[in-house]
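Q: Okay, here's what each chain looks like letter by letter:
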Amino acid sequence: MSAQAPPRTELLLQLADDELVLGWRDSEWTGIAPFLEEDVAFSSIAQTEIGHARAFYELAAAELDTTADELAFDRRPEEYRCAPLVELNLVHDWAKSVARRWLYETADAIRVDSLKASDWPELAGLAAKIEREEAYHALHAGMWHDRLTRSTARERFATAVDELWPYALGLVEGDQRRILCEAAGREDVPAVERGAHVEDWPALWEEMTMVRRTVPGGSW
Amino acid sequence: MSLASALTAERVWEALADVPDPEIPVISVVDLGVVRDVQVDGERVRVEFTPTFLGCPALDVMRTQMADAVRALGAEPEVVVVTDDGWSTDRISAVGREKLRKAGYGPPTPRPTGPIQLVQLQTGAFRCPYCNSIDTRLDNLFGPTACRSIRYCRNCRQPFEQFKTI
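From first to last, the protein sequence lines stand for chains Z and E. Residues 1 to 220 (our numbering) are what the first sequence spells out, left to right. Residues 1 to 166 (our numbering) are what the second sequence spells out, left to right.
Derived by calculation from the structure, the hints in this document are not laboratory data. Among the clues, some could well be false.
[Said to hold, decoys possible] Covered stretches of chain Z, going by a simulated chain E footprint (3 or more residues, C-beta under 8 Å):
(1) 47-58
(2) 153-161
[Unchecked claim] In silico EDC-like links for lysine to aspartate or glutamate, alpha-carbon gap of 16 Å or less:
(3) E:K99 with E:E10
(4) Z:K96 with Z:E155
(5) Z:K96 with Z:E163
(6) E:K102 with E:E161
(7) Z:K116 with E:D85
(8) Z:K116 with E:D84
Predicted model only: the values in this text are computed from it and were never measured. Built from N, CA and C at the ideal position, the CB exists for glycine as well.
With these hints in hand, go ahead and build the complete structure from the sequences.
A: As structure tokens, this is what we get:
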């Protein structure tokens, strides 16, 4: 696969990589979330995000004459297009994990809404379906945002949002950044852009691709 | 006349009506409304189906079981997954909803016109499948699978799984 895919495939890979990697990160809370309901919630959200990744990869795979599994697991770490926000290892920091979920859902809602107007019918239809599923993720993120904002942890949560905000801007481009600033009620700042990867990424890639690298072409 | 030449779309639909949902076997894939189209062309049968939730791990099992059901009719199956916006919980049949309720699941409420709001889930008319009371509360937006939430019935003091509306 060439380093630079056609524009519409490039967009699909960005979306798919974001959802796959965030799904993986969210699943890291399985078993160790602050209470049982959140073990279940983070696991369920992770599963749905990875389902969305799969659907995006399948559309891209048809364009690139490959398979969803090959796109998800057989690329080199530098070939992934995910935004640095989703790569960060935030386990053990609940405030940051909630901040990421809230920022991600706020940005994701903006781009999924725009995809519904795509002139590619398969992508527009998929986006409409994804939007209805994501509504539950957004409710969950909003609930936790409000809860932490009103709690004794509010300063810690505010610091977490401040710290992750430049990363959140890197999820979207162009006019969608302005919409994101309005939705989040925050100022535009220099974004942490896609392309470079954070130092947490190689270890996650190692773990994510371990089975496929051990059994090349393996399917499950 | 061979068996396959007598095959009609109606017979395929009947066969698919016996394919259970892998996770909630009380309901069939036809009750669930995920079978979108059946086309019979000689000995080839094309079945189009839509996943409920995209992350549903039962997807591949459903596809295999539907293909097996077509093969059992002596035809060659082609099961195609359509990931458009064509399925919602409103497509679950009335019969399917009643089967869910009897099995202890709250069937999905009708889709609202706008996006789902938290207040609807916190106060809406969600009936307990055990005692029929509407004095129920939302305990967790997320349940054991992507398609269900956890509610609690204050009347009969029973937690139950409520199908999400999408």
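Q: Next step is simple, just say for each hint if it's right about the structure.
A: Evaluated hints:
Residues of the region 47-58 of chain Z with a Cβ under 8 Å from some Cβ of chain E number 9, which satisfies the need for three, so the listed coverage holds. For the region 153-161 of chain Z, the assignment as covered by chain E is violated, since 0 residues bring a beta-carbon within under 8 Å of that chain's beta-carbons and 3 are needed. Between E:K99 and E:E10 the alpha-carbon distance is near 23 Å, which puts this suggested pair outside the 16 Å criterion. For the given pair, Z:K96 sits about 12 Å from Z:E155 by alpha-carbon distance, which is consistent with the 16 Å threshold.
Proposed proximity of Z:K96 and Z:E163 is supported: the alpha carbons are some 9 Å apart, at most 16 Å. Proposed proximity of E:K102 and E:E161 is supported: the alpha carbons are some 12 Å apart, at most 16 Å. Using a Cα cut-off of 16 Å, the hinted pair Z:K116 and E:D85 holds, with the two alpha carbons roughly 10 Å apart. This hinted pair checks out: Z:K116 and E:D84 have alpha carbons roughly 11 Å apart, not beyond 16 Å.
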